[in-house]
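K.L.:
Sequence:
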Amino acid sequence: SGKSRLIDIGANLCLACHDDMVSGMTAEFVHEPLIKSGCTDCHDPHSGKNRLRLKVNTDKLCLTCHEGKRNEIEQYTIKHAPASEGKCIECHSPHYSSNQYLLKDKVDKLCFKCHKDKEIWKQRRFQHGPVVQGNCSACHNPHGSDNAFVLRLAFPHKFYTAYEKGKYDLCFNCHKEAMITTKMSKTVTDFRNGEINLHNLHVNREKGRTCRACHNIHASDQYDHLREGFMFGTVNIPIYYFKTETGGKCVPGCHKERKYDRVKKVENKN
80 SGKSRLIDIG ANLCLACHDD MVSGMTAEFV HEPLIKSGCT DCHDPHSGKN RLRLKVNTDK
140 LCLTCHEGKR NEIEQYTIKH APASEGKCIE CHSPHYSSNQ YLLKDKVDKL CFKCHKDKEI
200 WKQRRFQHGP VVQGNCSACH NPHGSDNAFV LRLAFPHKFY TAYEKGKYDL CFNCHKEAMI
260 TTKMSKTVTD FRNGEINLHN LHVNREKGRT CRACHNIHAS DQYDHLREGF MFGTVNIPIY
320 YFKTETGGKC VPGCHKERKY DRVKKVENKN
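Quick note on numbering: the sequence shown equals residues 80 to 349 in the working numbering.
In short, the hints are calculated from the structure, not lab data. These figures come from a predicted structure and were not determined experimentally. It cannot be assumed that every hint is accurate.
Taking lysine to aspartate or glutamate and the EDC-like style, the derived pairs with C-alpha atoms no more than 20 Å apart in a straight line are [stated by the list, open to error]: (1) K158 / E169; (2) K134 / E107; (3) K265 / D248; (4) K201 / D187; (5) K237 / E307; (6) K134 / E153; (7) K158 / D138; (8) K237 / D248.
Here are the in silico distance ranges between beta carbons for each label pair [stated by the list, open to error]: (9) I114 / F311: 50 to 60 Å; (10) K134 / G245: 22 to 32 Å; (11) V314 / R132: 58 to 68 Å; (12) S177 / N136: 26 to 36 Å; (13) A160 / P112: 22 to 32 Å; (14) K262 / T156: 29 to 39 Å.
Here a beta-carbon is modelled for each residue, glycine too, at the ideal position from N, C-alpha and C.
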């Protein structure tokens, strides 16, 4: 007669047997093909050569719709392995999730499944904002990047570098550039001696100290996630920092003890 003999249409037909999937259909985030056309965008309902009767292997299946992501990933000079190897389902659920972008878990927990050595940062007393929020992707692109460590924007990894606009784009995505470019201020930073901006003094010079010279990018047991020390060649040089109500004292290996106070400028001896 030419009429369909199916007892139901779309995903509802599949869910009649695959009832373990029913509860997921009400999740906060459901993969769009499931809602629009059911399961057959990805699965062959009758037979197939691929696992789970997928129409093609997962390394190609996702990119048949997400073509833009394929082009994006291919253009990066540094590629995140799961993305370049087509292992999208390492991070994303193909059906539904309680997390945005159909992620299988919260961002930090998902990253720590592979990057287990980084989980130690969550145990430190003073953590960088993205670490507190569990948002690794604030700084890292989970697919790829043209920057080292798949960072989203430029960030200098050397100890010393001349300050130039654009080198610190990653930091200035959240922090104000005036914190580095302004010499005298009472407002742009708390790291100042009277009105002398000590961030500017350290960074904005021909042989400027980069952020990582003093700060541990992820976390530390020292205030403001300052490093406990840094490697200079093969030598580990300690940094001792002591906070006061209106300033502090720094005793690094690169210069003598220096004190600073935001309210009453300290005259340090050379």
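K.L.:
Would you mind marking each hint as holding or not holding in the structure?
P.N.:
Taking the hints in turn, this is what the structure says about them:
1. K158 / E169: holds, 15 Å
2. K134 / E107: violated, 26 Å
3. K265 / D248: violated, 24 Å
4. K201 / D187: holds, 10 Å
5. K237 / E307: Status holds; Cα separation ~18 Å.
6. K134 / E153: violated, 23 Å
7. K158 / D138: Cα-Cα ~15 Å, so holds.
8. K237 / D248: holds, 15 Å
9. I114 / F311: 50 to 60 Å: Because 56 Å falls inside the window, the suggested range holds.
10. K134 / G245: 22 to 32 Å: violated, 45 Å
11. V314 / R132: 58 to 68 Å: holds, 60 Å
12. S177 / N136: 26 to 36 Å: holds, 27 Å
13. A160 / P112: 22 to 32 Å: Check passed, 26 Å falls within 22 to 32 Å.
14. K262 / T156: 29 to 39 Å: At 36 Å between Cβs, range holds.
Of the numbered hints listed earlier, those contradicted by the structure are 2, 3, 6, 10.
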